[in-house]
Amino acid sequence: MKKVAVIGSGISGLSLAHELGEAGVNSILIETLPLPGGNTARFSCKATDSCQRCGACLVQDYVSKICRNDRVELLLNCEILDSRQTAKGYELLLHKNPAFIDHLSCSKCGICKKVCPAPKAILVDPFTGSFFINYSECLLSQNMQCSACEQVCPEQAINLELQPIDENLEVDAVALATGFEAFDPAQKPRFGYGRVPGVLSALDLEEMFRNGRFENLQENDRPSSIAFIQCVGSRDSKIGRNYCSRVCCGYAMRSARLLKFKFPEIKVSMFYMDIQTFDRDFENRIDKASQEVNLIRAIPSEIRSGPSGKPEITYYGVNDQVIQEEFDLVSLSVGMGPATTSLAGILGTIEPRADFYGSNSFNPNNPAFKGAFLTGCALGPKTIQESIDDSVHVASQIEFYLNKQQSGVEVE
Amino acid sequence: MARINLNDLDPSFKFTVASTRGGEGLQACYACKACTAACPIEKTVKRYDPRKIIRMALLGMKKELLESDFIWLCSSCYSCSEVCPQDVRFTELIFAIKNLASVEACAPAGLMAQRGLLKEHGRLYEVSEFENEKRSKLGLPPIVEHPEDYKSLL
Ligand SMILES: Cc1cc2nc3c(=O)[nH]c(=O)nc-3n(C[C@H](O)[C@H](O)[C@H](O)COP(=O)(O)OP(=O)(O)OC[C@H]3O[C@@H](n4cnc5c(N)ncnc54)[C@H](O)[C@@H]3O)c2cc1C
Ligand code: SF4
Ligand code: SF4
Numbered sequence: 001m002k003k004v005a006v007i008g009s010g011i012s013g014l015s016l017a018h019e020l021g022e023a024g025v026n027s028i029l030i031e032t033l034p035l036p037g038g039n040t041a042r043f044s045c046k047a048t049d050s051c052q053r054c055g056a057c058l059v060q061d062y063v064s065k066i067c068r069n070d071r072v073e074l075l076l077n078c079e080i081l082d083s084r085q086t087a088k089g090y091e092l093l094l095h096k097n098p099a100f101i102d103h104l105s106c107s108k109c110g111i112c113k114k115v116c117p118a119p120k121a122i123l124v125d126p127f128t129g130s131f132f133i134n135y136s137e138c139l140l141s142q143n144m145q146c147s148a149c150e151q152v153c154p155e156q157a158i159n160l161e162l163q164p165i166d167e168n169l170e171v172d173a174v175a176l177a178t179g180f181e182a183f184d185p186a187q188k189p190r191f192g193y194g195r196v197p198g199v200l201s202a203l204d205l206e207e208m209f210r211n212g213r214f215e216n217l218q219e220n221d222r223p224s225s226i227a228f229i230q231c232v233g234s235r236d237s238k239i240g241r242n243y244c245s246r247v248c249c250g251y252a253m254r255s256a257r258l259l260k261f262k263f264p265e266i267k268v269s270m271f272y273m274d275i276q277t278f279d280r281d282f283e284n285r286i287d288k289a290s291q292e293v294n295l296i297r298a299i300p301s302e303i304r305s306g307p308s309g310k311p312e313i314t315y316y317g318v319n320d321q322v323i324q325e326e327f328d329l330v331s332l333s334v335g336m337g338p339a340t341t342s343l344a345g346i347l348g349t350i351e352p353r354a355d356f357y358g359s360n361s362f363n364p365n366n367p368a369f370k371g372a373f374l375t376g377c378a379l380g381p382k383t384i385q386e387s388i389d390d391s392v393h394v395a396s397q398i399e400f401y402l403n404k405q406q407s408g409v410e411v412e
Numbered sequence: 001m002a003r004i005n006l007n008d009l010d011p012s013f014k015f016t017v018a019s020t021r022g023g024e025g026l027q028a029c030y031a032c033k034a035c036t037a038a039c040p041i042e043k044t045v046k047r048y049d050p051r052k053i054i055r056m057a058l059l060g061m062k063k064e065l066l067e068s069d070f071i072w073l074c075s076s077c078y079s080c081s082e083v084c085p086q087d088v089r090f091t092e093l094i095f096a097i098k099n100l101a102s103v104e105a106c107a108p109a110g111l112m113a114q115r116g117l118l119k120e121h122g123r124l125y126e127v128s129e130f131e132n133e134k135r136s137k138l139g140l141p142p143i144v145e146h147p148e149d150y151k152s153l154l
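Residue numbers (the numbering used here), protein chains in the order written: chain A, 1 to 412; chain B, 1 to 154.
Hints listed in this document are in silico derivations from the structure and should not be mistaken for laboratory results. Each hint should be verified, as a subset may be incorrect.
Unchecked claim - Calculated lysine-lysine pairs in the DSSO-like style (CA-CA distance at most 30 Å, straight line):
1) B:46 with A:238
2) A:238 with B:52
3) A:310 with B:43
4) A:114 with A:96
5) B:119 with B:134
6) A:238 with B:98
7) B:43 with B:98
8) B:98 with B:63
9) B:43 with B:63
10) B:14 with A:238
11) B:137 with B:119
12) A:310 with B:46
13) B:43 with A:238
14) B:14 with B:52
15) A:260 with A:310
16) A:267 with B:43
17) A:267 with B:46
18) B:14 with B:63
Next up, chain A with everything else stripped away, as it sits in the complex (with noise of 0.2 Å):
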């Protein structure tokens, strides 16, 4: 039986491994983290009175899908040591760490999470509400005693005796769906990301909408007015990455709307220096968008701390004269850059990254990275739906070079 291993639970990685599955080839989906999902896991519906086609809910389908597809196996907290390219294809060394809560006996009471000193080792899955450990922040990991969470469960569902075990997996091909990282803000200084309160990452809002930070406020709690600044980390040469990261307009557009739906009141502004339409509709969507939101043609210089404490803009305005204006909340549009995670030498020699995949020395043609596949962000930024076009079409790929490979044909 031939089988796959595909690297990254993202939404490239589920949907890959669905759509394999469908053709009857079995895989194996690898996750370092705790929970599926990449980083697609953290964000929120967007639904104004109408849905507005951001996708974060594909990902539930597909994490469910996966869960009860029998030809897919899910490894989480799971990372690869060493590989190496076999006569069959690759054979993977897997230090696989044991997951300390078993979610079939998990009540999901909270009562682990109350009582555990390290604030960022238990967290609750996004998706089935269950709990699991993150090992790399819980103190075990540091080598330091401590069995809290074990005693308090009343279902005894945690286990810390488990031990981590390394493996190997003899895989006919691999697929890389290792996605993307999200630029850390905090490398542009002027934009006061860390410093000023009321600037936050694209990403603190997601999990503000996601954590239902703006449901029931008190009329004086409500934001009135929030600015978007987008092409934070994106078609900057400066720091080597100019390029567009196709999601960013988009995603902030969809925020900015729904913000508006909850608080007709509050004042939108969208700082841009070129607005980027990638489907058919958008153009629509940013006419309906400017009756709503303030565009303005302009990056901002400096964003500090203004006379009452919140974030101010200075900017270049409309009539040719320098602005300084406060705003509530400044969220910060980051773009994406490549997953900087090992790949344990599948492409050989290319890593660690400092570019996508997609417009670097990978080429599929090379002998060196037969039955090696990639799929998604990995390539290149993309949103959830084309990440899921891509897979369905390397799927196909792979599903022929399988077939070829037992045919006994060489593939080219």
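Assemble chain B with the ligands onto chain A, guided by the hints.
Quick look at chain B with the ligands alone, frame taken from chain A:
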């Protein structure tokens, strides 16, 4: 706003600027205005707008740009270069434009006078017997002018 007549523009001017030392970044500009928002000169002299200067160069407004007085206002503080996402390096670019302007003999009189001083004395202030006498009374070594290098440079 004054009208621009397309026939008066010089479409090759942007290439001239881009091939002048310092002007290489010209065509990378996105017109995002971050430079203008950061410029301290713009705050007092509204005519001075780095982004507009770039637009003028790109449009080929050679005459208007090279004969303008405002290109000489830059304080070389590099605030614009600091904020520019496109690495246009406007401070270097304005040097390139000023160099082109002075080749076309459009440099302001004050600057030309300074150039004369440099050529003559190798410094912006002439050092005479008087200064050196004063220096020797204070126990300081005399200053000898070396204009030769400047002569060959200018
Ligand atoms: C702020 C923001 C908002 C966005 N909003 C939208 C939106 O509204 N709509 C939309 O369509 N798109 C949006 N996007 C884009 C969207 O996030 C991507 O299209 C999508 O996440 C791509 O999925 P992926 O699977 O390719 O990558 P990822 O989501 O990055 O998943 C990669 C996975 O691989 C894992 N991994 C990496 N390396 C390894 C390794 N060596 N071993 C094992 N596992 C590994 C990672 O842990 C991760 O789980 C947004 C992006 C950003 C930054
Ligand atoms: S900051 Fe750079 S890209 Fe933006 S307008 Fe100025 S020169 Fe152009
Ligand atoms: S270097 Fe010149 S153009 Fe740039 S900000 Fe300073 S004064 Fe303005």
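Here's how the hints hold up against the structure:
Between residue 46 of chain B and residue 238 of chain A, the direct Cα distance comes to roughly 28 Å. Compliance with the 30 Å bound is thereby established for this hinted pair. Restraint check for residue 238 of chain A and residue 52 of chain B: satisfied, since their Cα atoms lie roughly 21 Å apart, inside the 30 Å limit. A C-alpha spacing of about 23 Å is found between residue 310 of chain A and residue 43 of chain B, which places the hinted pair at or below 30 Å, so the restraint holds. Pair hint residue 114 of chain A plus residue 96 of chain A holds up; C-alpha atoms about 27 Å apart against a cutoff of 30 Å.
Restraint check for residue 119 of chain B and residue 134 of chain B: satisfied, since their Cα atoms lie roughly 25 Å apart, inside the 30 Å limit. Only pairs whose Cα atoms come within 30 Å are accepted, and residue 238 of chain A paired with residue 98 of chain B is accepted, the gap being roughly 25 Å. Restraint check for residue 43 of chain B and residue 98 of chain B: satisfied, since their Cα atoms lie roughly 21 Å apart, inside the 30 Å limit. Between residue 98 of chain B and residue 63 of chain B, the direct Cα distance comes to roughly 13 Å. Compliance with the 30 Å bound is thereby established for this hinted pair.
Proximity of residue 43 of chain B to residue 63 of chain B is assessed by CA-CA distance (about 25 Å); at most 30 Å being required, the pair is judged to hold. Under the criterion of a C-alpha separation no larger than 30 Å, the hint pairing residue 14 of chain B with residue 238 of chain A is consistent with the structure, at around 22 Å. Taken as a hint, the residue 137 of chain B and residue 119 of chain B pair is honoured in the structure, with Cα atoms around 29 Å apart against an allowance of 30 Å. Simply put, residue 310 of chain A and residue 46 of chain B have alpha-carbon atoms about 28 Å apart, close enough for the 30 Å limit, and the pair holds.
Pair hint residue 43 of chain B plus residue 238 of chain A holds up; C-alpha atoms about 25 Å apart against a cutoff of 30 Å. Taken as a hint, the residue 14 of chain B and residue 52 of chain B pair is honoured in the structure, with Cα atoms around 14 Å apart against an allowance of 30 Å. The suggested pairing of residue 260 of chain A with residue 310 of chain A holds, with an alpha-carbon distance near 20 Å, which does not exceed 30 Å. For the hint pairing residue 267 of chain A with residue 43 of chain B, the CA-to-CA distance comes to about 27 Å; that is within 30 Å, so the pair holds.
In summary, the hint linking residue 267 of chain A to residue 46 of chain B is supported, as the alpha carbons are separated by about 29 Å, within the 30 Å threshold. Proposed proximity of residue 14 of chain B and residue 63 of chain B is supported: the alpha carbons are some 13 Å apart, at most 30 Å.
Checked against the numbered hints above, the structure violates none of them.
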